[in-house]
Amino acid sequence: MMTESIDKNRICPICGAKTPPLCLPFSGGGHVGSLIDDLEGIDSPPGYIFVGANGLILNADPASAALLGSVQIALIERPFTLFIRPGDLADFFIHRNALFATHEEQNFEIKLRKKDRSFFHAKLKCTFIRNWKRNTDCMRISIRDYTRRRQALDQLGYWQDIENIAGNITTRLIRCPARDIDASLSRELKTLAMFTEVERTYLAVFDETVKVLTLTHEWCASGVIPIQGDKKSIDLDQIPGLKRAVFSGKHLQVNDVGDEPGDWALELDRFHMDGTRAFAYFILREKDVVHGIIGYDSGCRQDQWDQEIVHLFQFAGQAFLNAVSRREDESAWLTRHDQAPKRSDQRIASPGPPAGGPAAQPGNTPPVKWDIPLEIEEITETGEIHEKYSLMDIQREKATKPEWKYVGVDRDSPLPEILKFSIIDGKMIITCPQCAQQDQVIPKHLKEIGKIVRATCPCGFQFNLTSEMRSFYRKAVDLEGVFLLTKSKHLLSDSTGYAGKMRITNLSKNGVGFITDAPGRLSPGDQVRAKFTLDNHVRSLITKQVLIKNVTGHSVGGQFLGSDKNDITLGFYLM
1 MMTESIDKNR ICPICGAKTP PLCLPFSGGG HVGSLIDDLE GIDSPPGYIF
51 VGANGLILNA DPASAALLGS VQIALIERPF TLFIRPGDLA DFFIHRNALF
101 ATHEEQNFEI KLRKKDRSFF HAKLKCTFIR NWKRNTDCMR ISIRDYTRRR
151 QALDQLGYWQ DIENIAGNIT TRLIRCPARD IDASLSRELK TLAMFTEVER
201 TYLAVFDETV KVLTLTHEWC ASGVIPIQGD KKSIDLDQIP GLKRAVFSGK
251 HLQVNDVGDE PGDWALELDR FHMDGTRAFA YFILREKDVV HGIIGYDSGC
301 RQDQWDQEIV HLFQFAGQAF LNAVSRREDE SAWLTRHDQA PKRSDQRIAS
351 PGPPAGGPAA QPGNTPPVKW DIPLEIEEIT ETGEIHEKYS LMDIQREKAT
401 KPEWKYVGVD RDSPLPEILK FSIIDGKMII TCPQCAQQDQ VIPKHLKEIG
451 KIVRATCPCG FQFNLTSEMR SFYRKAVDLE GVFLLTKSKH LLSDSTGYAG
501 KMRITNLSKN GVGFITDAPG RLSPGDQVRA KFTLDNHVRS LITKQVLIKN
551 VTGHSVGGQF LGSDKNDITL GFYLM
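Residue numbers (this note's numbering): 1 to 575.
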């Protein structure tokens, strides 16, 4: 489906630039700021329900009855838990128990069920109340419908995810050495594919006549065969859909080839993966000059993408082209350097031996070492000096380039925080917390230095590190969740059934690390049922059975048991 081209007169709210608006325009032209301002005015009036210690509703006002799709009289003496989504019961009981134990106000969000069995997001504020005459306790629950606010916050998080991806792509490509740009582009194409859940993403560039399109980089999911051989270069006339998009200045998104008018058979056969059902072309242009396209293929029907996704692909494509251009420029410079004449190797007649020294023998004339900077000039066909650079500058730059340094640290000495880096497939990547520069080291070399090593980054920042063997990458996160103790290694323990809150600090494909507010409740060998929400754009809910492996104070490490559908979601999240 053809969509409107980007407004060339639109001013970027970040950098003030007009054309093209590629400086992180993913906030929707200020929509994020206005969305935050509007959040305060979209909450519904609160309703109030009084619930006894036995969980039965004692009283309810008309507003709360309306929120639950019922009437006041029908709520009295009914369990409040009937109106809570089953998946949120554990969270509710945690806050309920905390309220009656500490008498401190509890604020949390859950989903409540209406009479028609539909659910809505609700913000609950629970207050402890004691009836001194009857010596009974109850809680007053303030209920607000948070559906619109939650939708707005989800959309805001979605935009922030897009902005983070765009910023990370740019940062990684800028820091990437020229020799690694091709591999880096493939990884960034994979990032786009994972975020948008498509099977193939690619980058292609036009020749100077904008008649031949050449596929330069692509990423394909498992089972998808990349385009091979002569199919990587194709005449634009053989791709009519793309040709129309190029000359109209609009990108093309086909959500379902079966529903869109036109014959796509030839185009799909020439330039797309087998089984393509949806595809898109995003035109990459600068100052009305078309340089190439970035696109995707999907085997499933796609919904129409919003403008933020379009901006993300265009922004990434422009960053890809800049990286390719930088690689070509650096390669050309190195080629000129390698072909430059080496005047320092020339032999000239010796001015003679020093006074009192032995006479020079015929045929033993030593080479003269130049002590002045040798400038290499590149002269064009017209005789004009095109570029001049110094060989000594090149050698000095190589000699003074800062490098990573590693020294052993005494374990008994006072140390700041020790960072742990994982060893995966026999490799260890060290990342500077200050500037994010990376260094790949061989683990056994670090172990020869010491158990704890102090690293000095080329930027000058120092930090202590140690290594740990891991089969899977472990990602640092900050997620809220709850757990239920389902099995204790102590056969006579009465802790089974205990529920608590958890803050997840790291996550991998086969394990989790978290902090609990109840130290001593968990021991190695226990099993818990953990439930938490990922901070991705769809806020995926994960439920896993966890075997506790180690407990140190409030910190707990566990291993996931079994496999289920959540493993796929975690795999995408950890990419």
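Any given hint could be a false lead.
[Unchecked claim] Below, simulated BS3-like cross-link-like pairs (lysine-lysine); rule was C-alpha separation at most 25 Å, straight line:
hint : residue 1 : residue 2
1    : Lys501    : Lys475
2    : Lys211    : Lys232
3    : Lys549    : Lys487
4    : Lys475    : Lys509
5    : Lys549    : Lys125
6    : Lys125    : Lys509
7    : Lys243    : Lys211
8    : Lys250    : Lys211
9    : Lys231    : Lys211
10   : Lys509    : Lys487
[Claimed, not checked] Just the calculated beta-carbon pair ranges, DEER-fashion:
hint : residue 1 : residue 2 : range
11   : Arg336    : Asp306    : 29 to 37 Å
12   : Ile442    : Leu541    : 37 to 45 Å
13   : Ile442    : Arg175    : 50 to 58 Å
Keep in mind that the hints were calculated from the coordinates and are not lab data.
Just so you know, even glycine gets a beta-carbon here, dropped at the ideal spot from N, CA and C.
Hints, one by one, checked against the model:
no., hint, result
1, Lys501 - Lys475, "20 Å, holds"
2, Lys211 - Lys232, "14 Å, holds"
3, Lys549 - Lys487, "13 Å, holds"
4, Lys475 - Lys509, "9 Å, holds"
5, Lys549 - Lys125, "36 Å, violated"
6, Lys125 - Lys509, "35 Å, violated"
7, Lys243 - Lys211, "9 Å, holds"
8, Lys250 - Lys211, "17 Å, holds"
9, Lys231 - Lys211, "15 Å, holds"
10, Lys509 - Lys487, "22 Å, holds"
11, Arg336 - Asp306: 29 to 37 Å, "46 Å, violated"
12, Ile442 - Leu541: 37 to 45 Å, "40 Å, holds"
13, Ile442 - Arg175: 50 to 58 Å, "22 Å, violated"
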